[in-house]
Amino acid sequence: MSTPDRITRADVAHVADLARLDLTEEELDLFTHQLAQVLDHAADVASLDLVGVEPTAHAMAVTNVLRPDELRPCLERDEVLGQAPSVEDHRFRVPRILGEAP
Amino acid sequence: MSAPRPSVLLAGAVRSGARSAVDVVQEHLAAIDAGDDRVHAFNLVMADQARTRAAEVDRIVAGGDDPGPLAGVPVALKDNLCTRGVPTTCSSRILDGWRPPYDATVVTRLERAGAVVVGKTNMDEFAMGSSTETSAFGPTRNPHDPGRVPGGSSGGSAAAVAAGFVPLALGSDTGGSIRQPAALCGVVGMKPTYGTVSRYGLVAFASSLDQVGPIATTVADAALLFDVIGGHDPCDSTSLNRPTPRVLSVLDDGVAGLTVGVLTELLDGADPDVAARVHQAAEALSAAGARVEEASVPEVTLGLSAYYLIAPGEASSNLARYDGVRYGLRVEAEDTVAMNTATRSAGFGPEVKRRIMLGTYVLSAGYMDAYYNQALRVRTRIIQGFDKAYRRCDVLLGPTAPTTAFPLGAKTGDPLTMYLSDVCTIPSNLAGHPAISVPFGPGDDGLPVGVQLLGPALTEGTLVRAAAVVEAAAPILDPPALATGARS
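Here the protein sequences come in this chain order: R and D.
Residue numbering for the first sequence follows my numbering, beginning at 1 and increasing consecutively.
Residue numbering for the second sequence follows my numbering, beginning at 1001 and increasing consecutively.
To be clear, the hints were calculated from the coordinates, so they are not data collected in a lab.
Heads up, the beta-carbon is just placed ideally off N, CA and C, and yes, glycines get one too.
Among the hints, a few may not be true.
As the list claims (entries may be wrong) - Okay, the calculated bits of chain D under chain R, using three or more residues with CB under 8 angstroms as the criterion:
no. : region
1   : 1236-1247
2   : 1254-1262
3   : 1428-1436
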């Protein structure tokens, strides 16, 4: 497999946006450099010919873990909501969603 | 030969009524009080809760009942293990003020065994780091030399044990975060087989790699702690529903008849004094009756690259939950997306941001196949390489870290150099295998060296047998300069 193009400053800005991170100009420069370094190091992996090798997402494969569908106690609602920065009527409160009228 | 087991003895004294748990806990709290301003192993010392809990243990003994195998033994928890009603920070600003509404399964099991939790230890932020320097609360110092790092990410737990503040601690190991700090602080650290210890209540970093495990002064104590925390947990869907090895009972069984492979790829990058200690440990195993030979798993040299694609990928997904809505920090803004962004930008430190971005990038359209999926195929090859070596060998031996503890600040400016500290420990995480680090004397600089024993899945019993032999042959290491606790 061929190694992808080197990560650019624009790529880093795009990724920061996807990850909901606001970076300063200095951080953008620094992270572009540092991410490129790590990805260059990973070129040994990216360039290997591994056609036909099955990927391993989990070393100890455990599948279809089910339990009987029965009622059991869950976390205390008030204790959980008590941790939230803002609550209204037993629900998490957030500021307006983008595009909505306030 | 019988391996030293200070916590076993301590619990025995409390169970028999010879010592009170309150006295034991008080003594350790005093050691923390006397020394932790210089070490900074703890984010939080739970002195009042610990005394209350110790008094409960004493009442159980007075009532004629058995509090369990860890009766009255003080234990420190890495601050990514949830404790109900007690702040759990992951050494991050983003969890400011959070008090979990439940206990991690390992915490429940410790308490059922009679242990006394005395505090939460410092760590690299969200366990991302190899030196405990990415903590939002400042670094932990190595008890052997305050100018040096304790390793990481479980640096607080390793330092707390090394300094004698607690005989036992729990850490978590995603790419070496138990074993590497244990090595750098001169204590024992074990990463169990993936799925043998519940991750319920362990704040997730990279879910296919994370595993909770013991840190202790001796192999026997680490074995005891593993026996207490291990076993199936229905609350963790990746928990193995099959018998977990019990290891304390086989500790003194020796290594006669075992084949130990000295793993050349792990020695290649190690400093000469560290490599010399590994060879010396191999000789000790041979003298005890093991067959020692050279072993090679060429695929492990790809481990570091694969890890730094897989772990950030998983982290970027796991850390999406910190959005200022349900817990922890919120930085107000006029709409929700702006609030999410402001909260995450203020709450995460630079290393966490770096890994979230790296992970988001390698999972993004156009790159996922070249990086992430490719790394998962390398993971398969590493497992196959180990499988082949384990057809000949029962145990593999190598260094835990390529160097002894490095100076504070030496690697913080260069993430890739820092990542290289994990090169010897990462392969076991990718394979899901157990591994244990045992202190083996000083390096040329007088600082602790750790040797690592690796085995296939569910061979913790074999590993502690070999570890006990190595421990018994270990050259003497000077006690840590910053120790204030009695290291029995």
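These are the hints, each one checked on the structure:
1. 1236-1247: Coverage by chain R holds here, the residue count being 5 at a Cβ distance below 8 angstroms.
2. 1254-1262: violated (count 0)
3. 1428-1436: As far as the region 1428-1436 of chain D goes, the hint holds, because 4 residues have Cβ atoms under 8 angstroms from chain R.
Going down the numbered hints, you'll see the structure goes against just number 2.
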